[in-house]
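**Q** Starting from the known structure of chain S, arrange chain Z on it as the hints suggest.
Here the protein sequences come in this chain order: S and Z.
With our numbering applied, the first sequence corresponds to residues 5 to 307, in that order.
With our numbering applied, the second sequence corresponds to residues 5 to 307, in that order.
Since the hints were made in silico from the structure, they are not lab data.
Check each hint, because a few of them may be wrong.
Heads up, incomplete: computed chain Z residues facing chain S, CB under 10 Å, no partners named [unchecked claim]: (1) Asp185; (2) Arg189; (3) Ile193; (4) Gln204; (5) Gln207; (6) Pro208; (7) Val209; (8) Leu213; (9) Ala216; (10) Leu227; (11) Asp236; (12) Leu250.
Every residue, glycine too, gets a C-beta built ideally from N, C-alpha and C.
Read off the chains here:
There are 2 protein chains.
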Amino acid sequence: MPVPLIVCEAPLKALPESLLVGVSGGVDSVALLHALVRTGRKPVVLHFDHGWRTESGADARRVRALAEHLGLRHVAGKMPPTAKLHREAEARVARYVFFARTAQRLGISHLVLAHHADDQVETFLMQLLRGSGAAGRGMEPVSKRAGLVLHRPWLGVWKKQILTYARCHKLEWREDATNTDTRHRRNLIRLRVLPYLQKQIGQPVAINLLRAAEIFRAESEWLDGLCAMMADQQELTVKDLRGTPLAQQRRTILRWLQGWSVKDISFADVEAVRGLLENNIPAKVNLSAGRFTRRRSGKIFME
Amino acid sequence: MPVPLIVCEAPLKALPESLLVGVSGGVDSVALLHALVRTGRKPVVLHFDHGWRTESGADARRVRALAEHLGLRHVAGKMPPTAKLHREAEARVARYVFFARTAQRLGISHLVLAHHADDQVETFLMQLLRGSGAAGRGMEPVSKRAGLVLHRPWLGVWKKQILTYARCHKLEWREDATNTDTRHRRNLIRLRVLPYLQKQIGQPVAINLLRAAEIFRAESEWLDGLCAMMADQQELTVKDLRGTPLAQQRRTILRWLQGWSVKDISFADVEAVRGLLENNIPAKVNLSAGRFTRRRSGKIFME
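For reference, chain S alone in the conformation it holds in the complex:
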């Protein structure tokens, strides 16, 4: 089997047998669906219509036809009519709500997504440059979200390899015209920033960033494991937390705030809560959406 085919199919071997797969109709997800079927699985095809493009109804019909052609079950969803279109964050939430509901209804909790190495590099670079509370680490190959187990087996596979795979198998897909619109930050990173960096630095920048993301991701997983015991408690114990390294304090606080579903946690929020470990400052920290934490009798509480 030629290399791109091995590269694309090998990471699918470890996936569970019973699966949902998100298929937009673009080359990545069409190739993923094909590869899943070739490994002997019969995934349920989920398509979500964001209503972003005039031809999005045509995408939905094509994906349904493809599923029927492959003899696979197919479920379609679309943005609720009240939603504000073009809001990426809102569309993402609506898409995951659709995925989670369908998963529950069908009793299949594993969802495979076609995110690949180029997506991972773009995500990692965006997180780093935009600044995020935990610094950027890219996407997880396996993660949990709203009762779903998300699998991204292609985070180590480059778009170029997926295209080769799709051409080898004579697959048909639709190009998404919004992929070239640099008003979307992700497209800007892909089409302008990464080529610029590559040219200026004279090094395979995307490969280096993918490797860095993988190093940080694996370390993050390890560190989360070390923090879980403290971060999963109702309250943080000042004395225990004070005895841990700086980075462990930060990460425990971040995970603890996330556990309480605090939104938009910034690095400054984490550092402010960490300030509660000192004795001589006011023992209250304001967070987003009117929530706050307080230190009392050697414990840090969420209120």
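**A** Only chain Z this time, still in chain S's reference frame:
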């Protein structure tokens, strides 16, 4: 005291009393020297002449005059005549050899350097884009090198703040003409890449990168502590290492190889040594400069 003055002087308070300080004659190190004297210290001024510029002799004379004016001891060094000029790496080595010898001769092991937040962002971004074995984490605020303890108290202070400080105190310094030469990669990052990213992303990119570097740096310190026990052994024990998380295996191997002074350790080297933990592959890994590791009787050896 105006804010830039506090920002520049506060981080110096925690430094030891007896110090060496590296002074090139540029604004950063001249301001650092001034601030150190203002905190009541009498550091020994070290100047290293790289011979890069025709006027570098003038720099050396100015730094000596400045030290004499402040009543401070002064030691000058220069590149050995056999060295290849313009080789940044070689110059760095020669500089640290000079620093280390002087430290030993004077019996003062603490050296303060004027690296600042802009330097840190540039270093971090270069490491990320060029790809380094441990992924980028920037410079350490305190580190050890060849018997020296290096202090970089200004990694959180921006160049702009140092300039304000220098102007407030009416300091005199020399502009380094090589700072605008974009053939040097660091200058390229500072003068082109960072302004470009700032413009494209529309966010305070340098601030976000500095924060990410600080998060990763603190985590790195924590992880190194967790790996020290295994990494400081003569051999790695396969069974023990196999029982640790992926990232711990990687980092333990990296630190162990560094402990054996292996040069140019790439991520691929680390992964190859990690491959020795599996049973079914050839039990030898080649490293740089003809060195290699081997697995035998459940241990990994350096040979």
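**Q** All the hints need checking, so say for each whether the structure fits it.
**A** Okay, the hints, checked on the actual structure:
1. Asp185: 15 Å, violated
2. Arg189: 7 Å, holds
3. Ile193: Check passed: Cβ of Z/Ile193 comes within 8 Å of chain S, closer than 10 Å.
4. Gln204: Status holds, d = 6 Å.
5. Gln207: OK, holds: Z/Gln207 within 10 Å of chain S, min 5 Å.
6. Pro208: It holds, given that the least Cβ distance between Z/Pro208 and chain S is near 8 Å, below 10 Å.
7. Val209: 5 Å, holds
8. Leu213: At about 6 Å, which falls below the 10 Å cut-off, the nearest Cβ of chain S leaves the hint on Z/Leu213 intact, so it holds.
9. Ala216: 4 Å, holds
10. Leu227: Hint holds; Z/Leu227 Cβ to chain S Cβ min 6 Å, cut 10 Å.
11. Asp236: 18 Å, violated
12. Leu250: 5 Å, holds
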